[in-house]
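Asker: Once you've looked at the hints, go ahead and assemble the two chains, each given alone in its own frame, into the complex.
Residue numbers (the numbering used here), protein chains in the order written: chain A, 3 to 359; chain B, 668 to 1166.
Simulated from the structure, these hints should not be mistaken for lab results.
Quick reminder that beta carbons are idealized off the backbone N, C-alpha and C, glycines included.
Do not take every clue at face value.
[Stated by the list, open to error] Some chain B residues near chain A, calculated using beta-carbon distances under 8 Å: (1) L783; (2) R996; (3) G1005; (4) P1049; (5) V1098; (6) G1102; (7) E1105.
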Amino acid sequence: MSHAIDIPVAAPHTTTSNSVGRVMTIVMMALAPATLFGFWLYGWPAVWLWAITIASALLAEGFCLRLLKRPVVPVLFDGSAVLSAWLLALSLPPWAPWWIGVFGGVVAMLLGKHAFGGLGQNLFNPAMVARVALLISFPVQMTSWVSPLPLFSAGAPGPIDGLLITLQGIPASLDAVSSASLLGFAKTELSRGVDLVHAMGEAPAQSWFGSRAGSLGETAAWLIAAGGIVMMGMRVISWHIPVSMLVGVAVPAAILNAVDPAHYLDAATHVLSGGVMLGAFFIATDYVTSPNTFRGQLIFGAGCGVLTYVIRTWAGYPEGVAFAVLLMNSLTPIIDSYVKPRVYGRNRKGSALPAKK
Amino acid sequence: MGLFEKIFKPQWGVHPDDHKRPAADAALRFLPAPAQVHMPLHQHVGGAARPVVAVGQKVLKGQILAEARGNISAPIHSPVSGVVRAIGEVTAPHASGLDFPAITVDSDFADKWIELDAVADPFSLAPEEIARRTAAAGVVGLGGATFPSAVKFSLGKRLAVGTLIVNGGECEPYLSSDDRIMRDFADQVVDGVRIVMHAIGAAEALVGIEDNKPEAIAAMRKAAAPFPDVKIRPVPARYPMGSDKQLIETLTGKEVPANARAAEVGVLVHNVSTCAAVHKAIRLGQPLVERIVTINGGAVANPGNIYAPLGTLVDEILAFCGLREAPARLVLGGPMMGTHLKHGKVPLVKGASGILAFNAVEAEIPEAGPCIRCGSCTKACPMGLLPLEMAARIRSGHLEDAVEFNLTDCISCGCCAYVCPSHIPLVQYFVHAKGELEAEERTKLRSEAAKRLTEARSGRLEREAKEKAEAAARRKAEREAAKAKAKAPAAKNTEEASA
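Isolated chain B (complex conformation) (with noise of 0.2 Å):
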């Protein structure tokens, strides 16, 4: 980068301490199964998955517990061998700590896998029949947006998409499972980014690693050597580097338009690893039901990585790894945008790729200030937005004035609030908002609905008064002239005896 740029050029994103290492640096460590799972049936952008077995019911690793319902939607399979045990409700892992459905399976701890159906040759395949085998292998992006890939494949397909940007910047601090999985298993993320190039139709694929994980580089450099598509391209590490829209324009210097998709200009997002469980979805034919979970933060005791089943409680992936101290606060993801979480007895899901046990010191975010007007939010904003402003209008309750300022646009990233010199909770008053007007929205088109069906029932009962009136009118017209019929003939009659 130039001078002129690094001093005119505003710099979006934040350096937030990333407490990656040691936990990225500690070797994978692999979770026996545990005696008990609990697969949630929402993992995923889209509809809940639909039970198709039946409680007592035998099931083997890896066998479909649920099928994918709706266009946007994905099944769920079981972590372990055992039994069907309830088809209930488990702890949600989000921050109100409501119950959401699930399927528990007790372990039989024998691990025995589904008879798999493996693919010698992906690119032999369809695109078509890739999207169909990743679809129902149920995989989503692993990355945190958890949208199903398959739709994701058929949408790049469609807009014929030149390149395939891989996101392996994971900018969050403390997370490392996608360096560890680079690092780790290089080849089947390479080959998984190859199978996605395949099914999307992609003609080259850049893949982004931000430049604090060096070995990922290497290995995953390496990896991509014989295959001249690939190409690994190091990015400053930065907060959200790992946000589709910061990527592309890093990788590509494309914008992605407001209000469109990142396949409008020509490119498509998968993470590293969804690539890597394509990659097993399509050459081992193995459903997702494991991930690479990051346990950090300061009461973890052996930080790390783990490569635990699907639908293991989060408390046990946390003894797994020892608690130095109670922990004062759990983060599901990262700091910046994890779910924060009341207890412990949730189940591990398909986005989840880190799980933070904060100590009191890590946790403590001092209390709200007075807003100074110092502008670091606005600096920090990687959309260009003024979040100072938005918060002001926000507060004072008038949220359509925050839409004036492009509100729909924020990401949630946190940036503005990680900046605040005053520790204003910046992303609690964009997420209240926007939460406020989807609710305004929603009555509004429920009273509009209302309104119509009282507008038509009032129109349907007008209707019907003035057809009975009609109908009324009309039976009396027709006795009338039935009348007039009956003397009229009576009429004639008297009329011809008169003549």
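Bound conformation, chain A alone (with noise of 0.2 Å):
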């Protein structure tokens, strides 16, 4: 509805050529590199993973939508269910079952979106929340990657095999190798009392390029970081939250490993390996569920890397990015409600500047 003449309506009379679902579009233009190198990494099972996930997602808004009387079309095709989704589908293991994405789908959207009344109500990153729902209900499912199996190479499922892993789970005959992620070896290694430097000559095959046992958001961290860099480029995300998320997962992880590098992963892999770059550019970035000042974000973003950091070394899961920006989506409206911007003509406390000549 636009505004016809007879209506009174307040300044200003012209407005942004902005919109939530331009926004929508360039996370996920700036998503899309990424997903498509993983996708040929892991071949079919994991677009059709990626598609039930985003499919089921967008079923679940509907019925939200639908069950609260409020406009289906419009909000359905803003764009945050299927980032919402899209970024789920990336934290999953690749060939993991259909319904481990059906119930991503639908617990993302029921419990952490619209429980709390729907787009930018939400306390919890829903993406976030349907990931820990996951790994908490399924641990086997959520934590059984597989070593890359690039489309077309030999022995990779074409797409109605493909659909068929999705479905009914990997064939015997299939000779999928599967594998721990880094950070799962590492944690299972410490555990036996066998130290870094001697468990990681034997340590899953690591690739600067990502052809590496994990999630789709996990294998190509660097396309992440690159997506990430367009959408600060085109003033979608700030860089407080990405570089303070990084920097407070890389400095602890320095310190402790040159203090002890037989107990404590080195700050590249750190960086490089779970949901860090997609937990740092596109997760913790998420506007909803984060601080809406810099200084916010600064504190808000090197919460989320120390508490990685934190749950990876001394916790019982390998991974911590999810728990770590969950627990600080639940800081955001605290640190919210301390730090704010210094307002024009006042100090920080909010009382008037002193006249000065």
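Answerer: Written out as structure tokens, the structure is:
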């Protein structure tokens, strides 16, 4: 509905060409290269899982909107549900069964988003709510990684076989190599009493270019970072959260690795493994669940980074990005109430500046 | 600006498409005197003027129609020569479309001025005399604020202001009336600047002009060349650069404290068009009866700047420029802070820098969506406020909580609502809340006054009752005393008699 001439409207009488849909589209475009790389690396099962996750999120959101008697079509196509489900899919094991995607998509929308009142109202990042719900409920499926089996390579499943893998599980006939992720491997070895200096010789194959076992969003760390930098260039996100989160992971990792390399992984491994890159550029930067001032964002990002490191290093789980982001999400309202910009003509405490000629 | 500042210093403001050209480049056109003008009595901040003419009276151009009323007010003069037709009501240039009082003058098309009291050397006049003449000419802030200029002169003089800031920012999109006055009448503007400096005792003048107006900067530099104390300072084009506080900070680095006036940090801001009006009022003795107004927008056939008599109906000025189509929306002023007009049958007033006739595409504002907390509004706010937080509280009816977020510091510039990707009418929320709080305050004052009166009344009644009772008691006592007295002599007599 646009305003007709007979309806009095307050200024401004002009507005930006920006829109929620445009913002979501830019984020998805920035996410596309990493996703396509992941598709190539893990083949058709990954594509199907991604599609199933998004479709179930859309259905769940449509259901919620219908239940709330809100307009369905405009909200469904604002891109936010697709983006949440997309991010969730990137954090899943690429060959996970279909119901992981469905369960995740539905939890993200139902519990992560609409239980709070829909777009803009949720306290926690919906994709991370779903990921943590899945991880706690289905730890086996959520930590079963496969080694990359690129599209068109020998033995890689085609579209139909890929769909069957997603729907029926991995057939015994397929020579898929299951593999631990690096963080999982390190944690297991340390818990067995093997120190990292000895263990890393047998560690899962690493590649700076992402050819390694992990989720879609883990393997293509550099493409994720490139997408994040494009978003910064287009002013969709600012540098504050990504940089502070990466620093928050890297600094404690570097210090402890320098002190005791036998028990602590190095900073580069930490930054490039698991969900740190995806988390720093695409998940922690979620507008709704992060603070809205630059200083608040620095605190938030650093908190996400440090908590990720702490959970990875001393807690029971090998990966901690999702937990760290959720914990910091819960602090966002508190950060926002303490960290405010200085108002023109006032000091930080809010009282008027002294008059100086 | 250093790289460090670029990265770390938050940048306020927005860069809307400015739409200033081609209207700004079109030569100034002069609107012939219309058959009838309507001069509202209230075209300025402060008290409405009081009519001093009678219906049927012959008036000359520039003759006073209504005198200033109160300390903060301005007189109104006739923009044409002719006959006073009516003293009644016309539609106010306000979104409400309500009526307000105005004096209607029929033009005799002679455009005959009153005898003008020109001053050859304004610098020989006392500053007080300049303020007096400026006040008598009805000059008010022409940038849109319409505060009586002479009142600001006296304030500047009293607070010993050292620097005059001349606002040639004109940061509102579509508008170019200040641009045009600087290009075409730079000498008048600079002379006006110097007269204002003399009036307030300022040692220097900084003329801030946005760098999207290179022609105006060149013209002003040329005009100001002989006067080293008038400094032309290009400033980056960024909305709201033309807002007093932001321009002062950009030009001097000084920040005006909250709830204080600019004069308290030693500066005073006047608009370039106001300075030109001061030049005319002093050098030529002409009161403010005409102004340059930008006619722009997609519905206008020949957009540009028009030199028009005040009181002309907006419709007549639009007709002069030609309309391509019926405007989808009419705006008085700029698109960021202007007033929505219900129709064009409203008079041109002193503060009207532009009239925009938007076509359907320009008028389209998408329906508001939910806030996604993207923080665009926070980044854009030139006052460092958190519009999203204030709006959330106002939405839920917690106006006092919004005040905690310094709602009262909001300058209603519209940056937040402009950048909002969800197109939330944030300014609407803030204006609503400010109005509600003001009304609440008034009600509180009224009820306090009523309470005081009631208390005074009951006190008075009590006092009266008490006094009455006392009087009664006194009378009774007196009566009894008198009775006793009457008895006493009798008793005495008896005693005496018995003795």
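Asker: Hint by hint, note whether the structure agrees.
Answerer: Consistency of the hints with the structure:
{"no.": "1", "hint": "L783", "verdict": "38 Å, violated"}
{"no.": "2", "hint": "R996", "verdict": "5 Å, holds"}
{"no.": "3", "hint": "G1005", "verdict": "6 Å, holds"}
{"no.": "4", "hint": "P1049", "verdict": "7 Å, holds"}
{"no.": "5", "hint": "V1098", "verdict": "6 Å, holds"}
{"no.": "6", "hint": "G1102", "verdict": "11 Å, violated"}
{"no.": "7", "hint": "E1105", "verdict": "16 Å, violated"}
The structure fails hints 1, 6, 7 (numbered hints given earlier, in ascending order).
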